[in-house]
Amino acid sequence: MASNTEASMIGGGIFRRAQRSDLKVVLEMMAEICEILGLEPPTEEELVKKCGMDEGGDEKVHIYLMQGFVNDEVTTVACAFCYPEDSVWKGRQYCLKDMYIKPDYRYVGVGARIGVGICETAKKLNRSAIFKYSMEDFFRAKLGSADFIDVIRVFSHAEK
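When we follow the UniProt record's numbering, the leftmost residue of the sequence shown carries the number 1, and every step to the right adds one.
Read the hints as simulated data drawn from the structure, not as lab findings.
Errors might be hidden in some of the hints.
[Unchecked claim] Derived DSSO-like pairs (lysine-lysine); straight-line CA-CA distance at most 27 Å:
| id | residue 1 | residue 2 |
| --- | --- | --- |
| 1 | 24 | 97 |
| 2 | 97 | 123 |
| 3 | 49 | 24 |
The model shown is predicted, which means the values in this text are computed figures rather than measured ones.
Based on the sequences and whatever the hints tell you, model everything.
Printed below as a string of structure tokens:
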């Protein structure tokens, strides 16, 4: 598995796995999503357990951050939620379930950069990258499609 501290530069930004010290900004972005959808945001404890950031955590969800340089400072501009999935029918997959891009950074290619980061991560994990959105209609209706990756299978681990 890729290291939690491993980061890659993508199109002038940094795509990396979130760590426990990043939870404040992740929870802030999740609260914005939940407010729009009328859902209750998760607690820090729930997030820590689901992401395997403590002993006994089951690491069902992997959280990634897209960071950019704003006024010479590293700023988190988006987060993405992924999970590994194994299937007899579909093989070993790495699925992007949801992502959130802060409003000031939409329509500038951040979603595409996240897609590249997910594909690179899937390749390192010897998995196919799959993009699944539970919020597909929401993204299309509310945010347009400029930062929406409209692809089912972008990378197969069998490809070189």
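Exercise. Mind checking the alpha carbons of residue 24 and residue 97 for me, to see if they're no more than 27 Å apart?
Key: Distance ~20 Å between residue 24 and residue 97 Cα, so the pair holds.
Quiz prompt | Hinted pair residue 49 and residue 24, Cα distance within 27 Å | solution = At roughly 15 Å apart (the allowed maximum being 27 Å), residue 24 and residue 49 satisfy the hint.
Exercise. For the pair we were handed, residue 97 and residue 123, check the Cα-Cα distance against 27 Å.
Key: Distance ~17 Å between residue 97 and residue 123 Cα, so the pair holds.
Consistency with the previously given hints is maintained throughout, with no hint failing.
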